Amino acid sequence: MGVARYIKNEKDEILDVILQSGIHVKPVYTQKDLEEVGFDPEKDIPLPGEYPFTRGIHPLGYRSREWTTRQYTGFGTPRETNERFKLMISHGQTGLNVAFDLPTQMGLDSDDPLAEGEVGRVGMAVDTLRDFEIAFEGIPLDRIGVGLTINAVASIMLAMFQAVAEKFGYSKDRISATPQNDILKEMIGRGAWIFPVQPAVRLIGDTIEYSMKELPRTNPVSVCGYHIRESGCTPAQEIAYAFQIANTYIEEVLRRGYEIDDFVRGFTFNLNVFGNLWEQVAKFRAARKLWAINLKERYGAKDKRSLFLRGIFGGGGYGMTKAQPENNIIRGAYYALAAALGGAQTTALCSFDEAYTIPTPRAALLSLRTFQILMEEIGLRDTVDPLAGSYFIETLTKQMEQKILEEMRRIDEIGGMIRAVETGYIQREVAKQAYEFEKGIQRGELIKVGVNKYTEGEEMEVELHEYRWESAEEQIQRLKEVRRERDNRKVVQLLKELEKAAREEKNVMPYLLECCKAYATVGEMTRVFKEVYGEFKEPSIF
Amino acid sequence: MEKKIRVLVAKPGLDGHDRGAKVVAQALRDAGMEVIYTGLHQTIDQIVNTAIQEDVDVIGLSIMSGAHLPICEKLMKRLKEKNLEDALVVVGGVIPKRDISALHQLGVQGVFPGGTPFETIVSWIKEHVRPRSESGRL
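These protein sequences, in sequence, are chains Z and V. Counted the way my numbering counts, the first sequence spans residues 117 to 658. Counted the way my numbering counts, the second sequence spans residues 17 to 154.
It is possible that some hints are incorrect.
To be verified - In silico lysine-lysine, DSS-like type, Cα no more than 30 Å apart, as pairs:
| hint | chain 1 | residue 1 | chain 2 | residue 2 |
| --- | --- | --- | --- | --- |
| 1 | Z | 548 | V | 93 |
| 2 | V | 113 | Z | 569 |
| 3 | V | 113 | Z | 653 |
| 4 | Z | 653 | V | 98 |
| 5 | V | 142 | Z | 548 |
| 6 | V | 142 | Z | 569 |
| 7 | Z | 653 | V | 20 |
| 8 | V | 113 | Z | 438 |
What the hints assert, rightly or not - Examples of chain V residues toward chain Z, derived with CB under 7 Å:
| hint | residue |
| --- | --- |
| 9 | 31 |
| 10 | 81 |
| 11 | 83 |
| 12 | 133 |
| 13 | 137 |
| 14 | 140 |
Unchecked claim - Covered stretches of chain V, as calculated for chain Z (at least 3 residues, CB under 8 Å):
| hint | region |
| --- | --- |
| 15 | 36 to 48 |
| 16 | 51 to 58 |
These aren't lab readings, by the way, just hints derived from the structure by calculation. Remember, predicted model here, so these are calculated numbers, not experimental data. Note that the Cβ used here is the ideal one computed from N, Cα and C, for glycine as well.
Whenever a hint applies, use it, and build me the whole structure from the sequences.
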């Protein structure tokens, strides 16, 4: 849960503070600390918008542009999800972030026996283009950027998104999609993987290569330290693993003969916000700097815009608690503050009821209001990187840098991220951290309000989002209708062409686009890939 | 010599959030039990077959997706078909309070929502498990 460890004496005085990343915090910081960590203001914190961007990628930060708010949304049928999208937009939300149900994430059609009981449960069910036509009906896709939280079949969903946008009359160079599309983190945490590591990474390469040429406003990959942190790792590991994953995808595209500056602007990051406030802010500042250095020094990027670390900083799921759920509203506000002080371009928060249920509209709106209060009421837009120059924050930022670099080196020594995942090294490390963490909570070493301290008080009844079995039936009916009405001969032909392209290791995106336009199902396209690529086998980690 | 309690920790269905499953697996192991972890995306048939092959005393499911009722209903039915209805079945994960009695009615004996202390789970299992020699099954 990300709080620091506190060593106290019997009088409750704090003797030592150890942050999750292993850094000791001192009682007082002075100029001397900056000298000790080798802080050089000219190199470390030039003006915002200047390399290495510790203080931010834009010269004027939130003054020139407020952050994009993008709550994770989706449940039941595309129609129900469309209503919720419109509700959030009408209340001032500026982007969308689509939650898909598990069958869709796993490439299964809604009538697949393995999908039973799961259709529309944790997100929206999508089988064919027809579902996207309903989900995005009435959404201005040239103004609202859309995050697609999907990974194993992100290539399919990106093609489907282009298909629906074009059908609605938006040209492909005006739409902005951000498919999550980070399969390595699925293999480390979260678990929505299908294909083996190598072809799965190749598919990501296809989406990046295709977006570079065809979808200029699309960010084809959102590399997620987020879920690895949720699975147990430290904030320093979160950044190190995300960067090494990003490097893997970069190398997949470089291998195809492109220059780094051709495509790397399409990379974004998804990072977590829970835990010690100072550690998070220092983490974001250090990350921005190290990413710029990584691109410049490791890959020789020349274009300034290639060096920007852009991303969604938010969520905070593992910091939220099931006990005393209203406390999560307060936690969320502080997590959003960490994101703002860290200079997030985009944000989202787990809603206070999320340990129990799909967020109710009330809970989702509270998260949105949290962002609006921060930006429009209490002054987070006033000035860029307001903590810059603080003895403590700058020292901590330098220390975080060192921790992140150490963890990155460890992955390099193993032989890179693909190997670290295939052998289960990362999974083992993360599971071990998670266990130590939980033991710490249960022993009361790490304070979690309402969980292991201040546990008194009445329990609040949380309003639960009701799962509607009728939604699943409606979804399956629509799928059957589409299968009846479409040109099945054409679909079979296009799926064959897709298979051929996959076998020949051509970029599959144009083939997926044609399949989607002809109303091929997600399950049909996934089956083609399964036949060609096979399926991922988890390394045993115990 | 006392035999070690054998526990199958299983992740049924499509959900891949297994932090909880892995954490509990480590805790049960540290409490002296033998733990077999199925890995992700298991069907009920796969879980039941593993339980038979591994000759376990306890089947523990970790479910975060909200689909615990349909999943447990299916599991209990299959266990009955295989004459394994005496197996000690426990469930953990995101389980709303209001569903706990429904799970008990299905035959799930232990329900441990997220945040349950390790000690509670360990002592409950030790108390409720039947030595294999007596029950002569699984």
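Here is how each hint holds up against the structure:
no. : hint            : in the structure
1   : Z:548 <-> V:93  : violated (35 Å)
2   : V:113 <-> Z:569 : holds (22 Å)
3   : V:113 <-> Z:653 : violated (35 Å)
4   : Z:653 <-> V:98  : holds (28 Å)
5   : V:142 <-> Z:548 : holds (24 Å)
6   : V:142 <-> Z:569 : holds (28 Å)
7   : Z:653 <-> V:20  : holds (29 Å)
8   : V:113 <-> Z:438 : holds (12 Å)
9   : 31              : holds (6 Å)
10  : 81              : holds (6 Å)
11  : 83              : holds (5 Å)
12  : 133             : holds (5 Å)
13  : 137             : violated (11 Å)
14  : 140             : violated (15 Å)
15  : 36 to 48        : holds (count 6)
16  : 51 to 58        : holds (count 5)
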